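Residues per chain are reported as follows:
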Amino acid sequence: MKKILFSLGQYLLLAYDCLLSLFTRNFEREVLLQQIYEIGVKSTPVCLMTSAAVGMVLALQTGMASISVLNEPAYIGTVVTFSLIKELGPMLTAVVLVGRIGAAITAEIGTMRVTEQIDAMYTLGTDPIKYLLVPRILGFTIVLPILTMLSDIVGIVAGGIMSYLRFDIPSTTYISDSLDYLSINDFFHGLIKAIIFGIVVSTIACYKGFYTEGGAEGVGKATTSCVVTSIVFLLIGDYFLSSLLISLGIG
Amino acid sequence: MIQIINLHKSFKNKPVLKGVNLEIYDGETVTIMGGSGQGKTVLLKNIIGLMKPDKGKIIIDGIDITTADKKTLHNVQKKFGYLFQGSALFDSMTVYENIAFGLRHMKLSAAEIKERVKLYLSYVGLEGIENMYPSELSGGMKKRVALARAVAYSPQYILYDEPTTGLDPQTAETITDLIMSLQKKLNVTSIVVTHDLKAALKVSQRIAFLYNGEIIDIEQPDKLLNTSNLFLREFVTSALINQTNYN
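Protein sequences appear in the order of chains A and B.
Counting along the first sequence from 1, when you hit position 213 you're at 205 in the working numbering, and nothing is skipped either side.
Counting along the second sequence from 1, when you hit position 118 you're at 555 in the working numbering, and nothing is skipped either side.
Just so you know, the hints here were simulated from the structure itself, not pulled from any lab data.
A portion of the hints provided could be inaccurate.
[Unchecked claim] Once the Cα atoms are required to be at most 25 Å apart in a straight line, the calculated DSS-like pairs of lysine-lysine come out as:
no., chain 1, residue 1, chain 2, residue 2
1, A, Lys(-5), B, Lys516
2, A, Lys213, B, Lys449
3, A, Lys(-6), B, Lys449
4, B, Lys489, A, Lys122
5, A, Lys(-5), B, Lys451
6, A, Lys122, B, Lys544
7, A, Lys122, B, Lys515
8, A, Lys(-5), B, Lys494
9, A, Lys(-6), B, Lys489
10, A, Lys(-5), B, Lys492
11, A, Lys(-6), B, Lys492
12, B, Lys451, A, Lys(-6)
13, A, Lys(-5), A, Lys213
14, B, Lys508, A, Lys122
15, B, Lys492, A, Lys122
16, B, Lys516, A, Lys122
[Claimed, not checked] Here are the computed distance ranges between Cβ atoms for each label pair:
no., chain 1, residue 1, chain 2, residue 2, range
17, B, Leu677, A, Met(-7), 51 to 61 Å
18, A, Val224, B, Tyr570, 30 to 40 Å
19, B, Lys639, A, Val224, 49 to 59 Å
20, A, Ser235, B, Gly499, 54 to 64 Å
21, A, Phe15, B, His511, 52 to 62 Å
Just so you know, these numbers come straight off a predicted model, no measurement behind them.
Using N, Cα and C, we set each Cβ at its ideal position, and we do this for glycine too.
In isolation and in its complexed conformation, chain A is listed as follows:
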């Protein structure tokens, strides 16, 4: 228990330091652009493929379920759109980025820690929080909502194609099913989630890397711990975040 509280305190202090650098705009902008490219552009294909697959399977399952209940495929667009925009879009994109980017951030910063490269940065007059951590956290938090929106669109379109090919649902019906019940609040519901997921997952990845101990084995353990902690947070935190947003009338 003492260890958990110590880690939590250490994490919050690091997050506070990062926040302070962010608001004083005291961080490396060049590194931020590099990170946006690394996290954003290079992760786009895998995020879009995942989302397309999920959109198609959602359309298929909803269509089959509604046939067995109502004897016809109904409300496929509504289910696919709501599921993706409010839940699966932010969640799946965050999970993909945890695996692709979060683990890489922890491994990179952790390796720098155990090989004294972070100490070297201090001795060369550079604060590693401003040089390494803030650009990664900011990059991650900017990219995750953008990738989520792209994934939502691709998933909904893929669901529409599946509905047409499998159930002969015309695109006009699918679009009206998708948009008729959707409000701007539902869109914000997903967007706010993506931003919060981005902040938490990237700070966990940076924290785990920054406090890595114990050589190559330590880097391995920190990377595993980053992925496990992030995914557990995403799954459990998602419920509480959804409840909070709904109680606030956002979606």
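Please build the complex by placing chain B on the supplied structure of chain A, with the hints as guidance.
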């Protein structure tokens, strides 16, 4: 001037430094010797503020860094160059980018930075390797690049952590000579942590012996071999026997 007063540091309740007292005057080179695990690197990292002591003071040019705020500590750290035991070169950067990294805060033009990197690479005898990555260099080359990086921004103090460990005798000799020549060229204050008695005798004005968490003796190199301190005599004799056997 660096003053270390009654410095204590423990790890998981295991005391490593138990009241270190040492003064290092401007322009001199002091070597800290001692057995493995005696806390030599811990002492260096406390001096530069990479570790916080449990008790005691470290006063650098009148500023106690143990109680200084982050900004003051950061400004004090800028006065130091540090040669890490494992070189600690940034492996995602080229040799040029590694050396130029410390120059970013000096408000130099790109041409001046380029010139300076070239100059310091020539000091360590490694001209023309600017575009290579650390993974393409040998251990000795890495140490020399790290040395160039540590001194390129003209620090007031240089800390050397085991500069010759893990190197063959010839490369070790080259590094020792480099430290001496940089010392003369730059007139800096240096603290060297090493097991290498030959290098210590060559580069230092004073040699401090760290034993059981305390500095138990400080001698000038020419008086070290005749010291009356029993532990130090034993250490020096073993070091000399090892060196003779190795050579």
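Okay, the hints, checked on the actual structure:
| no. | hint | result |
| --- | --- | --- |
| 1 | A:Lys(-5) / B:Lys516 | violated, 36 Å |
| 2 | A:Lys213 / B:Lys449 | holds, 21 Å |
| 3 | A:Lys(-6) / B:Lys449 | holds, 14 Å |
| 4 | B:Lys489 / A:Lys122 | holds, 21 Å |
| 5 | A:Lys(-5) / B:Lys451 | holds, 19 Å |
| 6 | A:Lys122 / B:Lys544 | holds, 19 Å |
| 7 | A:Lys122 / B:Lys515 | holds, 16 Å |
| 8 | A:Lys(-5) / B:Lys494 | violated, 29 Å |
| 9 | A:Lys(-6) / B:Lys489 | holds, 21 Å |
| 10 | A:Lys(-5) / B:Lys492 | holds, 24 Å |
| 11 | A:Lys(-6) / B:Lys492 | holds, 24 Å |
| 12 | B:Lys451 / A:Lys(-6) | holds, 19 Å |
| 13 | A:Lys(-5) / A:Lys213 | holds, 16 Å |
| 14 | B:Lys508 / A:Lys122 | holds, 13 Å |
| 15 | B:Lys492 / A:Lys122 | violated, 29 Å |
| 16 | B:Lys516 / A:Lys122 | holds, 20 Å |
| 17 | B:Leu677 / A:Met(-7): 51 to 61 Å | holds, 53 Å |
| 18 | A:Val224 / B:Tyr570: 30 to 40 Å | holds, 37 Å |
| 19 | B:Lys639 / A:Val224: 49 to 59 Å | holds, 57 Å |
| 20 | A:Ser235 / B:Gly499: 54 to 64 Å | holds, 57 Å |
| 21 | A:Phe15 / B:His511: 52 to 62 Å | violated, 18 Å |
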